[in-house]
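> Residues in the sequence shown are numbered consecutively from 1, following my numbering.
Keep in mind that the hints were calculated from the coordinates and are not lab data. Certain hints may be false.
What the hints assert, rightly or not - In silico DMTMM-like cross-links for lysine to aspartate or glutamate, where the CA-CA straight-line distance does not exceed 20 Å:
id: 1; residue 1: Lys27; residue 2: Glu158
id: 2; residue 1: Lys88; residue 2: Asp122
id: 3; residue 1: Lys27; residue 2: Glu162
id: 4; residue 1: Lys82; residue 2: Asp110
id: 5; residue 1: Lys82; residue 2: Glu37
id: 6; residue 1: Lys181; residue 2: Glu170
id: 7; residue 1: Lys181; residue 2: Asp122
id: 8; residue 1: Lys88; residue 2: Asp68
id: 9; residue 1: Lys82; residue 2: Glu109
id: 10; residue 1: Lys88; residue 2: Asp54
id: 11; residue 1: Lys181; residue 2: Glu158
id: 12; residue 1: Lys184; residue 2: Asp106
id: 13; residue 1: Lys184; residue 2: Glu103
id: 14; residue 1: Lys184; residue 2: Glu56
id: 15; residue 1: Lys82; residue 2: Asp106
id: 16; residue 1: Lys132; residue 2: Glu158
id: 17; residue 1: Lys82; residue 2: Asp68
id: 18; residue 1: Lys88; residue 2: Asp110
id: 19; residue 1: Lys132; residue 2: Glu166
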Amino acid sequence: MFEIRWHGRGGMGAVTAADITASAAIKAGFYALAFPEFGAERRGAPVTAYTRIDREIIYDRTPITNPDIVVVLDPFMISSPKVLAGLKEGGYLIANTTKEPSEILDQIEDLRRLRITVATVDATSIAMSVFKLPIVNTAMIGALVAATNIIPLNNVVEVVKERFPERLAEANIHLINESHKLLKVMRP
Numbered sequence: 001m002f003e004i005r006w007h008g009r010g011g012m013g014a015v016t017a018a019d020i021t022a023s024a025a026i027k028a029g030f031y032a033l034a035f036p037e038f039g040a041e042r043r044g045a046p047v048t049a050y051t052r053i054d055r056e057i058i059y060d061r062t063p064i065t066n067p068d069i070v071v072v073l074d075p076f077m078i079s080s081p082k083v084l085a086g087l088k089e090g091g092y093l094i095a096n097t098t099k100e101p102s103e104i105l106d107q108i109e110d111l112r113r114l115r116i117t118v119a120t121v122d123a124t125s126i127a128m129s130v131f132k133l134p135i136v137n138t139a140m141i142g143a144l145v146a147a148t149n150i151i152p153l154n155n156v157v158e159v160v161k162e163r164f165p166e167r168l169a170e171a172n173i174h175l176i177n178e179s180h181k182l183l184k185v186m187r188p
């Protein structure tokens with residue numbers, strides 16, 4: 001089972017990202033589950049969302065405490081102990097930041113010890129160039145797919161086309177492709 005924990009703030013699209021990822025995994029032949037965890041439900045408040053992907057039916061709907069992958073939509077949350085808590089040895093940290101993966105590894109000592117693959121992309125700039133808003137969810141899905149190959153990119157694109165009106169789908173597909181192309185990855 002692959003367990004993904006998404007961290008962002010209200011309005012950044014973490015819940016939608018978790019859901020699109022689960023839907024794309026189902027299209028790829030997996031079982032998948034996505035669900036959010038909210039604190040104060042308002043724009044800008046911290047939001048955590050979860051995605052589980054497996055070859056077998058998933059019954060566990062509890063929050064993910066030991067993720068294989070942590071995706072951080074808000075660059076200011078990257079070094080938060082809560083965000084990185086429980087990340088499995090050999091896992092992935094995929095972050096929206098202007099920093100290089102090596103800078104993140106130097107900034108957070110435990111990542112090297114745990115042999116974490118660090119992937120970074122400036123999803124905010126990509127989203128601002130298209131939407132004029134920091135809605136980075138689909139850009140971070142593109143980064144997730146590029147870093148992990150957990151699901152095929154074409155399944156993500158298919159879900160986006162089904163989920164959004166044509167012009168909005170095209171814009172989101174652009175974000176997915178740009179982040180997929182611009183992602184920087186440093187493996188242990």
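> Taking the hints in turn, state whether each one holds.
To see whether the hints hold, each was checked on the structure:
1. Lys27 / Glu158: holds, 9 Å
2. Lys88 / Asp122: violated, 24 Å
3. Lys27 / Glu162: Measuring from Cα to Cα gives roughly 12 Å; hence the hint holds.
4. Lys82 / Asp110: At roughly 13 Å apart (the allowed maximum being 20 Å), Asp110 and Lys82 satisfy the hint.
5. Lys82 / Glu37: Holds: Lys82 and Glu37 sit about 14 Å apart, inside 20 Å.
6. Lys181 / Glu170: With a Cα-Cα distance of about 16 Å, the restraint between Lys181 and Glu170 holds, given a limit of 20 Å.
7. Lys181 / Asp122: This hinted pair holds, its Cα atoms lying about 11 Å apart.
8. Lys88 / Asp68: holds, 5 Å
9. Lys82 / Glu109: Satisfied, since the Cα-Cα distance of roughly 15 Å is no more than 20 Å.
10. Lys88 / Asp54: OK: Lys88 and Asp54 at ~17 Å, within 20 Å.
11. Lys181 / Glu158: Given pair Lys181, Glu158 holds - Cα atoms ~18 Å apart, limit 20 Å.
12. Lys184 / Asp106: holds, 15 Å
13. Lys184 / Glu103: holds, 12 Å
14. Lys184 / Glu56: Violated - the C-alpha atoms of Glu56 and Lys184 are around 32 Å apart, more than 20 Å.
15. Lys82 / Asp106: holds, 19 Å
16. Lys132 / Glu158: Given that 20 Å is the threshold and the Cα spacing comes to 24 Å, the pair is violated.
17. Lys82 / Asp68: holds, 15 Å
18. Lys88 / Asp110: Since the Cα atoms of Lys88 and Asp110 sit roughly 11 Å apart, the hinted pair holds (cutoff 20 Å).
19. Lys132 / Glu166: Holds, because 18 Å separates the two Cα atoms, which is no more than 20 Å.
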